[in-house]
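Chains as they are written, first to last, in the numbering used here: chain A, 13 to 199; chain B, 880 to 1060.
Treat the hints with care, since some could be wrong.
To be verified - With a cut-off of at most 20 Å between alpha-carbon atoms, the simulated DMTMM-like pairs for lysine to aspartate or glutamate come out as follows:
(1) A:Lys56 / A:Asp158
(2) B:Lys1058 / B:Glu992
(3) A:Lys161 / B:Asp918
(4) A:Lys56 / B:Glu988
(5) A:Lys56 / B:Glu992
(6) A:Lys56 / A:Glu194
If you're looking for bench data, these hints aren't it; they were derived computationally from the structure.
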Amino acid sequence: MHLAFLTNGPLLIGAVVFGFLFGWLLQRGGVTDYNVIVNQFRFKDFTVLKIMLTAVVVGGIGVAVLHAGGHADLHIKASPMLAIVLGSAIFGVGMVLYGYCPGTGLAAVGTGSLHALAGLAGMMLGGILYALSFPWVAKHILPVGDIGKLTLDHLTGLPVWAVFAVLALVAAGVFRFIHKLEQSRRP
Amino acid sequence: MKPETDSTPCCPLTAGRWNPYLAGTGIGLLSVLVFWLADKPLGMSTALSQASGACASLFMGWEKVGQNAYWAKHLPKWDYGTWFLVGTFLGALSAAVIGRRFRIESVPEVWKERFGPSVGKRMAGAVMGGVLCMYGARLAGGCTSGHGISGSLQLAVGSWTFFLVMFAAGVVTAMLMFKKS
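Using the sequences and the hints given, assemble the complete structure.
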């Protein structure tokens, strides 16, 4: 089943437009700033968590509604758990050292960050290293702990709407906690 | 960094910075729009790894790149993902220029406070961080956008694992890097 409205030429124009909006939102959200991202991991600035959790709840409910109505396909990645745990740990170290992730780094180059550009070159090198090590990784890491496309609703046995209700409540709790913390730190 | 005073609530187009909940809602709605119209999740690192294949072709040659088991599945080409990258760059550039926030920056504030004003040191850190980011993202099968946002919003267990482990590893790294000695 392929539900895309846009194909071929219009799809590529759509790609530029969607990318443009994404880059715009990242810059306006403040996450093209090294200081904002690194300070999230030091619990001195909560912009990153606020943006990500809001995007996940809003986007998740929207996509679930579209999917339930038969207007969108899901695109869940296969989950080789050993690779995900190792990869995300390496990624977390890299994100703090770089001060950006792949998307915000590319966007930050557009805002004039030269060190983001240096990191982009590093990302190219990282991609090359992964491709060169791929035969070994595919043999020894990727097959370990593959849980397929398992989702939280299947894991818990709850209906999708209930998972989103819990998720929205958790997000609201986190935002409330952050708000109180920010209030208490205000001089 | 003066986010509060820099934003002018009257003109959201030129305002320096938006409320993070508004930006997050925007990214969420954009995800929905892209799922609906393009049948794609938001993601960055797959297209970036294709670009790395194009970079590798400069010194390995296209033939060797095409023979690589990974790039064979992610051939460098001007497809949806690559144009999305172009758009992301242009969008951030436009937002920065229109909001008068475009600044050439070599050493950011927080880095300078801890590691000093050396440009070489910061560039070396950024390159190393970039290498780790991309290697980790490819090993995990996604980054902050592909797993963190797109995967999590589809409730994928693997993506939520990525989100939590990445965050924990980042917090530990930040503690070690910025520890007062």
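Right, here's what the structure says about each hint:
Between A:Lys56 and A:Asp158 the CA atoms are separated by roughly 36 Å; this puts the pair beyond 20 Å, and the hint is violated. At roughly 12 Å between alpha-carbon atoms, B:Lys1058 and B:Glu992 fall within 20 Å of each other, so this suggested pair holds. Restraint check: the Cα-Cα separation between A:Lys161 and B:Asp918 comes to about 18 Å, which is no more than 20 Å; the hinted pair holds. With a C-alpha separation of about 14 Å, the suggested pair A:Lys56 and B:Glu988 falls inside the 20 Å cut-off, and the hint holds.
With a C-alpha separation of about 15 Å, the suggested pair A:Lys56 and B:Glu992 falls inside the 20 Å cut-off, and the hint holds. Simply put, A:Lys56 and A:Glu194 have alpha-carbon atoms about 9 Å apart, close enough for the 20 Å limit, and the pair holds.
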